[in-house]
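Student: In case you want the letters, here they are:
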Amino acid sequence: MIELFSLYKNLKAEGVIFSFCGPASQAVVEGIGETLRRRMEVQGVGAGLINKVFSVFIEQIHNVLHYSSEKLPDEPTDEDELRFGIILIGMRDGKYYVRCGNYVANEHVQALSDLLKKLQDLDKDGLKALYKERRRSAESLAGSKGAGLGFIEMARKASEPLIFDLSRVDDKLSFFSITTII
Amino acid sequence: MENLKVEATKSTPAISFDATTGLLELTGKSYPENAAKFFSPVFEWMTAYLETQSPTKVHLNVKIIYLNSSSSKAFLNLFDMLDNYAGNGRSVVIDWHYHEEDETGLECGEEFQEDLESAVFNLVQITGD
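Protein sequence lines, in the order shown, are assigned to chains A and B.
Going letter by letter, the first sequence gives residues 68 to 249 in this note's numbering.
Going letter by letter, the second sequence gives residues 9 to 137 in this note's numbering.
Just chain A, same shape as in the assembly (with noise of 0.2 Å):
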């Protein structure tokens, strides 16, 4: 097994601050956020960065409880679903990172990719628009317990563009993970 005094100081040198790895449920995310939140409160961080950080850390641990492909149990349910996924938040070079994984079906990557791309290259001007845009017109898609914003809304509170990487596993699933530095 992997020795835990070397994993605990690995996380420590990448500037962790939380780092949370198994099935996420909405108690997690309330755990995990408010606790966030008194941290950073404790260390005086502003008020406007904490919302930024907490936000951030909300729509992708959201994104993980909804779309994760790791899932128990495994049959469709409307409730309760265990979704999997990784997550770490912590501080490099004066800046917070928010960054989350999770496994992803391979249907689902081609359209993933070109939306993150294409945020990739928006402006703030460009990237309020297109949430405006969404917002308005975007019915909750079938299957989809969000409004389909997660995305733009990170990209809106990140200080530099999103960075993205999806590796293929197997003919079915591939590993998404999301960087968005605050």
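Hint data in this document are derived by calculation from the structure and do not stem from the laboratory.
C-beta: ideal position from N, C-alpha, C; glycine also.
What the simulated footprint calls covered on chain A by chain B, stretch by stretch (three residues with Cβ under 8 Å from a Cβ of chain B suffice, anywhere in the stretch; the number is not a length):
#	segment
1	105-119
2	123-134
No farther apart than 27 Å at their CA atoms in a straight line, the calculated lysine-lysine pairs in the DSSO-like style are these:
#	chain 1	residue 1	chain 2	residue 2
3	B	Lys-13	B	Lys-65
4	B	Lys-18	A	Lys-138
5	B	Lys-71	A	Lys-199
6	A	Lys-138	B	Lys-45
7	A	Lys-199	B	Lys-45
8	B	Lys-45	A	Lys-195
For the chain B half of the interface with chain A, some residues (derived, Cβ under 7 Å), not all of them:
#	residue
9	Tyr-39
10	Ser-77
11	Asp-110
12	Glu-111
13	Thr-112
Please arrange chain B on chain A, whose structure you already have, making use of the hints.
Tutor: Chain B only, in chain A's frame:
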């Protein structure tokens, strides 16, 4: 008509909609797991309220310190209902409260304000704690 009262949780706002006075209030944080599902009773109440009570005055106070993107969609739907109802002698006022240090809250309010036509949408600054 019954009033709508919902207690706040860590991730959902307190809702207090009074059908008699026309005073409606949303307070707290909003990042439910499924915003469409959480807000569906709110839309139902609002539809019934506007149709059956035909109020001449509606005043919605929004005191939300954080809302996620899917809640933002739900809020826009709610504001749209009120915006479409406003006019023809019917007064609709939405007061969007934000803390003086919360730039995001102000921006968020401004972006709703830009999207509405008939309802009065005020940006109300809160100072201190």
